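Novice: Each chain, letter by letter, is given below.
2 protein chains.
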Amino acid sequence: MAENPTRFGIMGCANIARKVARAINLAPNSTLYAIASRSVEKAKQFVSSINGLSETVKIYGGYEQLLDDPLVDVVYMPLPTSLHVHWAVLAAQKKKHLLIEKPTALDAVELDQILEACEFNGVQFMDGSMWLHHPRTAKMKEMLLDSGLLGPINYIYSSSTFSAIPEFLANNIRVNPEMDALGALGDLGWYCIGAILWAKNYQLPTLVTALSDTIKNSTGVILSLTASLHYDQPEKTVATIHCSFLSHSSMDLGISGSKGSLHLNDFIIPYREDSAFFHFTVDAKLVDLHIGWNLKPERVVVSSQLAQEALMVQELARLVECIRKSGCRPDGKWPEISRKTQLVLDAVKKSVDLGFKPVNM
Amino acid sequence: MAENPTRFGIMGCANIARKVARAINLAPNSTLYAIASRSVEKAKQFVSSINGLSETVKIYGGYEQLLDDPLVDVVYMPLPTSLHVHWAVLAAQKKKHLLIEKPTALDAVELDQILEACEFNGVQFMDGSMWLHHPRTAKMKEMLLDSGLLGPINYIYSSSTFSAIPEFLANNIRVNPEMDALGALGDLGWYCIGAILWAKNYQLPTLVTALSDTIKNSTGVILSLTASLHYDQPEKTVATIHCSFLSHSSMDLGISGSKGSLHLNDFIIPYREDSAFFHFTVDAKLVDLHIGWNLKPERVVVSSQLAQEALMVQELARLVECIRKSGCRPDGKWPEISRKTQLVLDAVKKSVDLGFKPVNM
Numbered sequence: 001m002a003e004n005p006t007r008f009g010i011m012g013c014a015n016i017a018r019k020v021a022r023a024i025n026l027a028p029n030s031t032l033y034a035i036a037s038r039s040v041e042k043a044k045q046f047v048s049s050i051n052g053l054s055e056t057v058k059i060y061g062g063y064e065q066l067l068d069d070p071l072v073d074v075v076y077m078p079l080p081t082s083l084h085v086h087w088a089v090l091a092a093q094k095k096k097h098l099l100i101e102k103p104t105a106l107d108a109v110e111l112d113q114i115l116e117a118c119e120f121n122g123v124q125f126m127d128g129s130m131w132l133h134h135p136r137t138a139k140m141k142e143m144l145l146d147s148g149l150l151g152p153i154n155y156i157y158s159s160s161t162f163s164a165i166p167e168f169l170a171n172n173i174r175v176n177p178e179m180d181a182l183g184a185l186g187d188l189g190w191y192c193i194g195a196i197l198w199a200k201n202y203q204l205p206t207l208v209t210a211l212s213d214t215i216k217n218s219t220g221v222i223l224s225l226t227a228s229l230h231y232d233q234p235e236k237t238v239a240t241i242h243c244s245f246l247s248h249s250s251m252d253l254g255i256s257g258s259k260g261s262l263h264l265n266d267f268i269i270p271y272r273e274d275s276a277f278f279h280f281t282v283d284a285k286l287v288d289l290h291i292g293w294n295l296k297p298e299r300v301v302v303s304s305q306l307a308q309e310a311l312m313v314q315e316l317a318r319l320v321e322c323i324r325k326s327g328c329r330p331d332g333k334w335p336e337i338s339r340k341t342q343l344v345l346d347a348v349k350k351s352v353d354l355g356f357k358p359v360n361m
Numbered sequence: 001m002a003e004n005p006t007r008f009g010i011m012g013c014a015n016i017a018r019k020v021a022r023a024i025n026l027a028p029n030s031t032l033y034a035i036a037s038r039s040v041e042k043a044k045q046f047v048s049s050i051n052g053l054s055e056t057v058k059i060y061g062g063y064e065q066l067l068d069d070p071l072v073d074v075v076y077m078p079l080p081t082s083l084h085v086h087w088a089v090l091a092a093q094k095k096k097h098l099l100i101e102k103p104t105a106l107d108a109v110e111l112d113q114i115l116e117a118c119e120f121n122g123v124q125f126m127d128g129s130m131w132l133h134h135p136r137t138a139k140m141k142e143m144l145l146d147s148g149l150l151g152p153i154n155y156i157y158s159s160s161t162f163s164a165i166p167e168f169l170a171n172n173i174r175v176n177p178e179m180d181a182l183g184a185l186g187d188l189g190w191y192c193i194g195a196i197l198w199a200k201n202y203q204l205p206t207l208v209t210a211l212s213d214t215i216k217n218s219t220g221v222i223l224s225l226t227a228s229l230h231y232d233q234p235e236k237t238v239a240t241i242h243c244s245f246l247s248h249s250s251m252d253l254g255i256s257g258s259k260g261s262l263h264l265n266d267f268i269i270p271y272r273e274d275s276a277f278f279h280f281t282v283d284a285k286l287v288d289l290h291i292g293w294n295l296k297p298e299r300v301v302v303s304s305q306l307a308q309e310a311l312m313v314q315e316l317a318r319l320v321e322c323i324r325k326s327g328c329r330p331d332g333k334w335p336e337i338s339r340k341t342q343l344v345l346d347a348v349k350k351s352v353d354l355g356f357k358p359v360n361m
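Respectively, the protein sequence lines represent chains S and W.
Take the first sequence: its letter number 37 is residue 37 in UniProt numbering, and every next letter is one higher.
Take the second sequence: its letter number 260 is residue 260 in UniProt numbering, and every next letter is one higher.
Looking at chain S on its own, in the form it has when it is part of the complex (with noise of 0.2 Å):
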């Protein structure tokens, strides 16, 4: 552990909650200092029920004691999107810096608030997804898609789907229209259209539609969505995502340029933690009579020290360390990630509202 540690305060007993305190416990430059729920007896619960927990870490009975507490560094913040904006903009108001779970908002006027609390109040601000810390991730950027190795994108598929038991389609937060309103769009689409902005350097797509194939609850939440993403500049680009609270597990990406492509299949969250792979093919073609390929797809294989959520938090923490303790800016790169994704996500949201008109972004 190094030496005064970034300290965290989680806001909400989420069962994400419990990976991100297991990751900040990872993290050598980050502490869990404090838990706060909406009673102490949840709280301590919770703390009881992640191993190797520190037994000084502090609970609080109510959000507003976390935020009130000087020593807290960080909040996460895993709480239901409707409350975000609420919490958020306190949080950064009490300078807070925050790492708040996706979607970050019910929309980008929210999360605008929030970027703006975050942007006055100098602090940090990150979203939870963990899959862009990967060392997997980095790789893939820096071998395929910078160095111009796949050539000009042509096509992205993504998905992100698990088939949801009867009860979490009944009960859960993410299927609330008061809660998560966004449904699976919010919880699952988030990573697809992150991972068609990350493969596209942060370009905004042209043109988002839905496809009719959604599906809604009796409260008209998204459980199953299709959407396509176009883009016209510099290159002719179609991106489709898939996410769904009905289908069988999948975190699906692809990708394929005029030179090469990439795939793999557990793109958000790694079959394993120590180590991932991916697959490319670069220059593959069909040999003569068509009757076999030249070449099989290519496995990258990356090992991994620390977990991806780790390795969040402790970007994280080396941020907010150098904005406490060297006068730093906070990393304006993080919340453009955010917004961006927020702005698609809104499109596709407004294109199945429109039923299922193409949005012009």
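It should be emphasised that the hints constitute simulated quantities derived from the structure, not laboratory data.
Quick caveat, the model's predicted, so the values are computed rather than measured.
You may find that some hints are simply not true.
Repeated chains share a single entry, so a pair holds when one copy, or any two copies, can fit it.
[Said to hold, decoys possible] The list that follows gives simulated cross-link-like pairs (lysine-lysine, DSS-like), each with its CA atoms no further than 25 Å apart:
1) K216 with K285
2) K357 with K139
3) K296 with K42
4) K236 with K216
Given chain S, work out where chain W should sit, using these hints.
Specialist: Leaving out everything else, chain W in the frame of chain S:
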């Protein structure tokens, strides 16, 4: 070689005919009896370009002569698509069984003329979709789709692309509006559409929509296209196809149901002739804390003693032999598969022509 093997005559010396000539030689129940081109010289060149071809192969400097030879049982027709209806109808009238390259015709109206001529004259019809004859295809169907192991199918994606050289894009028959007006949709999209129909047991989609990323050449021939196919019954399924002459080689097929999924990246032409594989997962889930998966996709390897195109020829020769020797009726399965594929292809084309409007089927 079987006694009295089925005698094939090849009409036209397209590059793909070299592969099929070899397949006719490999199949145990067929023999390459004759080659017709527009000139004797071209046909001779073709014969000499194929290793192991018998010197007794007849050479015809015209298509009519091939059709007039009473010893030709089956005509294999790799002619440009616009010539199919004329020559295929004529061949059927001359009682020749037909193996015809895809796309089978410029539209279903033309294909129906061919199929009616085949039916009237009692000859077998089959298109050149080789992958349908690979034992891997049968394995995926039996093991996963027919057994319901994947659950109801929610999502299918399929691509067929290659990055054409400038000379192809300038001069090839497949981008010439007089010869192959369907371009990449006909040449490559045929496979994608066929794969979706195959996965959905040849049920037609209810709605077909081309996406607005379609790229055409200066003469209006499609070079690159993405489209979605929607099913409402018995479950909602969305399928996307991407076919392009402008993107790196891909032959991806992914099928996701509520309980499992399968993936392969060489569904049209396997990487290797002697064995092929696909990946599947059933009941994949994230482990506790969502730090990994409970299982990785499993690789199923299927070996093949004969190349898939030889299996196609063998199957057609078997059907023809049964008709010739035992008075069987032509098998209606193959023309039905072709006709449904052509109908969906027509709908995609119509959607493009209507400015990417959805087309009901």
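Novice: So, for every hint listed, does it hold in this structure?
Specialist: Here's how the hints hold up against the structure:
no. : hint           : in the structure
1   : K216 with K285 : between (42 Å within a copy, 23 Å between copies)
2   : K357 with K139 : neither (37 Å within a copy, 40 Å between copies)
3   : K296 with K42  : neither (52 Å within a copy, 35 Å between copies)
4   : K236 with K216 : between (31 Å within a copy, 12 Å between copies)
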